[in-house]
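> For reference, the chains in residue letters:
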Amino acid sequence: MPIEMSLTDEHEELRATLRAFLNECSDEATVREQMSTERGYDPDVWTQMAEQMGLAGLIIPEEFGGAGYGYVELLVVMEEMGRALLCSPYLSTAVLAANALMHCADEKSQKELLTEIAAGRMVAAVAHAEPNGRWDIEGLEMTATRSGDQWTLSGEKTWVLDGGSAQVILVLARTDSGLSLFRVDPEAPGLRREAVPPLDLTRKISQLHFEDAPAELISAGDQSANFERVLALTTAALSAEQMGGAQWCLETAVEYAKTRLQFGRPIGSYQAIKHKCADMLVETEFARSAAYAACFAAAEQEDDFLEMADLAQSACSEAFFHAAAETIQIHGGMGFTWELPVHLYFKRAKASDLLFGDAAQHRESLANRVGL
Amino acid sequence: MPIEMSLTDEHEELRATLRAFLNECSDEATVREQMSTERGYDPDVWTQMAEQMGLAGLIIPEEFGGAGYGYVELLVVMEEMGRALLCSPYLSTAVLAANALMHCADEKSQKELLTEIAAGRMVAAVAHAEPNGRWDIEGLEMTATRSGDQWTLSGEKTWVLDGGSAQVILVLARTDSGLSLFRVDPEAPGLRREAVPPLDLTRKISQLHFEDAPAELISAGDQSANFERVLALTTAALSAEQMGGAQWCLETAVEYAKTRLQFGRPIGSYQAIKHKCADMLVETEFARSAAYAACFAAAEQEDDFLEMADLAQSACSEAFFHAAAETIQIHGGMGFTWELPVHLYFKRAKASDLLFGDAAQHRESLANRVGL
Amino acid sequence: MPEPTPMDEETLRARVRKLLEEAHPETTDSISFRQKQYEHGLAWVHFPEGYGGLGLSPKMNMIVFDEISKHSKVIHTTPPASVIGIGMGAPVVLTYGTEEMKKTLLPKIFSGEEVWCQLFSEPGAGSDVAGLSSLAIRDGDEWIVNGQKVWTTVAHLSRWGMLLTRTDPDAPKHDGLSYFLLDMKAPGVEVRPLYQITGEAEFNEVFLNDVRIPHARMLGQEGQGWRVAITTLMNERVAIGGGGSKRKGGGATGQLLDVWRQRKKGAHSPAQEAMLRDRVTRSYMDNELLRLTAQRARASQKAGNPGPEGSVAKLAQAEINKRMWETAIDIMGSDALAFEAGYALRQTAGAPDSVEGIAKYQFLRSRANSIEGGTSEIMRNILGERVLGLPGEPRIDKEVPWKDVPRS
Amino acid sequence: MPEPTPMDEETLRARVRKLLEEAHPETTDSISFRQKQYEHGLAWVHFPEGYGGLGLSPKMNMIVFDEISKHSKVIHTTPPASVIGIGMGAPVVLTYGTEEMKKTLLPKIFSGEEVWCQLFSEPGAGSDVAGLSSLAIRDGDEWIVNGQKVWTTVAHLSRWGMLLTRTDPDAPKHDGLSYFLLDMKAPGVEVRPLYQITGEAEFNEVFLNDVRIPHARMLGQEGQGWRVAITTLMNERVAIGGGGSKRKGGGATGQLLDVWRQRKKGAHSPAQEAMLRDRVTRSYMDNELLRLTAQRARASQKAGNPGPEGSVAKLAQAEINKRMWETAIDIMGSDALAFEAGYALRQTAGAPDSVEGIAKYQFLRSRANSIEGGTSEIMRNILGERVLGLPGEPRIDKEVPWKDVPRS
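Protein chains in written order, with our numbering: chain S, 1 to 372; chain E, 1 to 372; chain R, 1 to 408; chain H, 1 to 408.
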């Protein structure tokens, strides 16, 4: 079934509202201020996003206090957040954790946690990757230990988004029934949270050390397939954010090329710069198509959603990285200064590419799915 | 030991003589005439090259009637031949067959055959690759059959350079003592030679079908290592030819860019074309470095010769292909017409890349040698 | 063009059925059927009545096609040689032609009786079409034209040519051009095939030696040829910027996947296979992205917000095609050293019959993709300037007499 | 520069030994030793006698170094902060300075007592250095300068600055510049660190507010500053276009190979490993090609036939470096999400202590390679125009008064 990929007037209104909000709450000065804090975001803004705009619960069903919207709305939201380089636990909490709960958790936990998330009262982190460097489901090796009704976790989880500031940690670990989801109190004994100095200052990550840390099992049965879908849903949303970042780079580079004069004329009148911009436009438009395809496929629950998510991650990661790199180049010397914000996008681009397995890995995954 | 990679005045004289000769005997009209024949070259020119210029025996020792020169002279010769797109059995006979005989054959055969080659009286083809599509030594699977003192060969050999016009065929096949070299009469019973319609019209190839064809064993012991060296020596020489082709493309593109006017000025004044030319220059100069390194290493019998040959094949294949492709592009519509010679270089470029295993395969070989 | 008069779908379908009663495709040859189709106003329904149309919306042409399909196994679609005449010739005649031209020319364009070709490009004027230097000099009621045209598809089959030529060398280059209908059978018109890298001649060169054209065959005003030509060029660019397959993994992608799946096992090392597979996946992705972008373009168009997606496709597709067929060749490896199709110079190619054959042909043919219909360099200028609004370069060929502009 | 007077190697070595008798590096601090070295004419032997040299060929500087090495474990090489003073300041003073300047400035440049910086670039004048807009206005025996300079290495340590500034806005841009020696301690000179993508400030911004410079500190004639600056810039470009490691697999390549060999086993699928290995091999090749090209350049130079190899290196190396460090990051994969060095804003960086740390730092730092010392775009212009002889673009900023040229 071909998807009709176009946004409605309502979507464009959402975009306009959000852009106005982000112009206010995620201007460059605010980004720089927040990225230099340990937490990495402004909790007041987070509350505001949840309470006034219903963003924290955007894709959470209404029964759990969410807005009950779908992935097309999320596409718009993520694109705008990426464009504004928003410092926020949105990806960790409203996307990854919300999806993990919606697809893997039992109803009790869904009710309890999704409601808190939607209300903006809870930042949630999902701990899945481990020091082995793998991002595939089989790479999850931590095994939970049971004694009586009690479960404990031991081992290490890496690259946990907002793991340092989260009020709840959702941990993927293996049990006899397969891959399972656990809920861990961040203050639990045996859990040590270590902030990792990040390449991308605008998104905080932690390493979590578990040593017989008590955990609550909140899933039933093997969650491998479900969690694979959760990861794909997360990368689909992330791809929209990356596309928004690429769009910012394109616009910023073009604007600079129009106004920066060298040898008596705008540098954008030189083909070297003009053609770079044209190529960025092509790649950004292609990234947009990919992000749209993945998010519309998610919204419509298309059969080829997993394939489209791989496509989107690969296309958007490369497009964002190239766009950021070229935007540095087009800005000349100033492009690699701390003073200009371009470097922040460059770092975000590379970190986003690496975050759930890079573009090449997603191409391999795509090849597997398509049967090449 | 670092090699001093520079040409002497004598080398430059050789180049000048050869260029004058090729301007005469390998001008565009002659190339087009010869490439449309079945044989693919002018036997009179071949004789002339051998008798008057000593080219056929350039690297053949003086004791066998050759000039006894080395790989630095061959570098100059191949570069010029590549530049002029010469149609000639030079690569098959004076490079591949001569090297095979010099490194793998017994003295009697060396004396007999090298003398004939050097004198320009014999075109020789080497049959090694087989339909399995492999170019590595292990890919050679044909096994010779012995009965008494007689050897026979059965099976197929592919992509045999000048296999159709050669007066002697040197065949690689396995015996109890390992990889061995055989001499086969082109008119032998049981040998059928089939012309293959080539991508690159300027170099003729054949497929050889053997059915109990009588063959003379002319090597002693396993020739695997020797023949690996022969192949590397051949690709080193070929890389110089490729570099010469790239140089022709660069010069032709630049000349056109200077004289072709659009919108009132030379297209070479536009950065889109100028920067393409600059990138071609970089890649061609790098190709030159690689071809020099390989041929100087061959001349000096450096330890790292095999590595340098891989480097040269990979760098020169890509440089020539890119240069030819860009030269088509820079010529616009005329670039892909039959009328202009650019397409002949484009086809030569791709065919040369594929001839002994492509650039990526040589990179893998290089990685193996360097221990990556 | 006049406002489409409302006609409901059912009425239109009824008219089609009436046509089919008079002439049925299964029992009528293409030319005769299409003549009838024209008479019934069902040739191009968005044209006015009396000129093969009914003054309807262009979308309703699909209904005619659909209704014919329902009742006939045979469909007399546009003859390949008539694509230019129908796509570019007919609109130009309708807009700029005299009443007599419309009445005599349009029926034969549609029926396929008369093939048309486009005579704009010249050897000296490639990207810079308006810089062309063929010259028409007025001689009483006639013009005498001299010059050379190039890249002329179907010129050797053509009855009429759409000729853009210079009539005033003293005017700035865009202002000194006029547009003529050229009788391709006129004395002094010589057509020669122009062979390409593949050995085929898809195009021709057309030499004009003292060719006389009646003044009455000028379309538009003297000196306004560029304006007339622009419409034609717009149609051409749309036609070329295809936008890839409409079906996932279809079209060229499918052919690449076939080459990949039929590759010779064992010819590549595992590492080489991994890298080739990644290149195949990239091409698969590229074509998906083209397809999705075209889909998005249609959606935006429908929503009334046309974006830059369309202009992006032409540039992207050229580079994607070249890369894709290079990958196919590298998959075949040394097997690509053979070019089974051969290079016999010929006017039309027989389609290669194996996927490998197609790939080898396309490897060569695709080099033209980044040149024909606007080079990639020109497309990047257009994207940069018209879509992104970047400033142009200093121009030295505008606002001066054409004869004073340097040219090669 | 005067013709080198012949002095044989052994005589020179004897002079070095005489210096070492007076002051030995192992027992003398750097400044004191280098003062003595200067006095003996062994600072830069290609300078004239009396100015730290002996009027010999530049090649003979190596002999001095060699002889000192033979007799001392300690070598007082050029202090890092003095690279610009020695490489660019000294030649300029020698060529354009007064006798008094030479006598007072050259010894302290060489000894390291006084650091120099170069004040050419401005925020509005990057690639277009000659378009700069800082302005000096004559006031009796002095000039009053206002403006801003940027990309000034070691400005915060400098005693003297080589200042290029505009003295005549009515002249065409190259003709209205003059060259001054600026006292960096003068009132109105403010130096601020300019932090980069890594958090380091290798460079500074220098603000000039009503800074007074005596007319006597002008080097060269008024309005001839560009000519004086050109010498300086040539030296800079040579210094940056390094040409890679001199040893196979050495330098940056070695660091990449270390990252590759220390990669986390099992983190990548076999296919990913194959592709990463190919990228590593490409980088290995790239660096080999740089090395071999530099080697060929030296050979050509020696043979008296300098080719384009030198100019090629700067452009190639920038792109090669960026690609290489991207590969290193992708090998590390998610481990590259951590940036252990942190981004604390600081004036000098401590070198990272692991190969991974170096690679992460270089991944960021290398983005500047295609910008500093001439952007890759400018380098392509230079290769295209000066090496290949392609025509320039139409220029609108030449031969008109600087003040009439549009600028941002």
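Read the hints as simulated data drawn from the structure, not as lab findings.
Check each hint, because a few of them may be wrong.
One-sided excerpt, in silico: chain R residues whose CB lies under 8 Å from chain S [said to hold, decoys possible]: (1) I75; (2) H76; (3) D175; (4) D183; (5) P187; (6) Y195; (7) T281; (8) G384; (9) P391.
Idealized CB from N, CA, C, for every residue including glycine.
> Taking the earlier hints as the rules, which of them does this structure contradict?
1, 2, 3, 4, 5, 6
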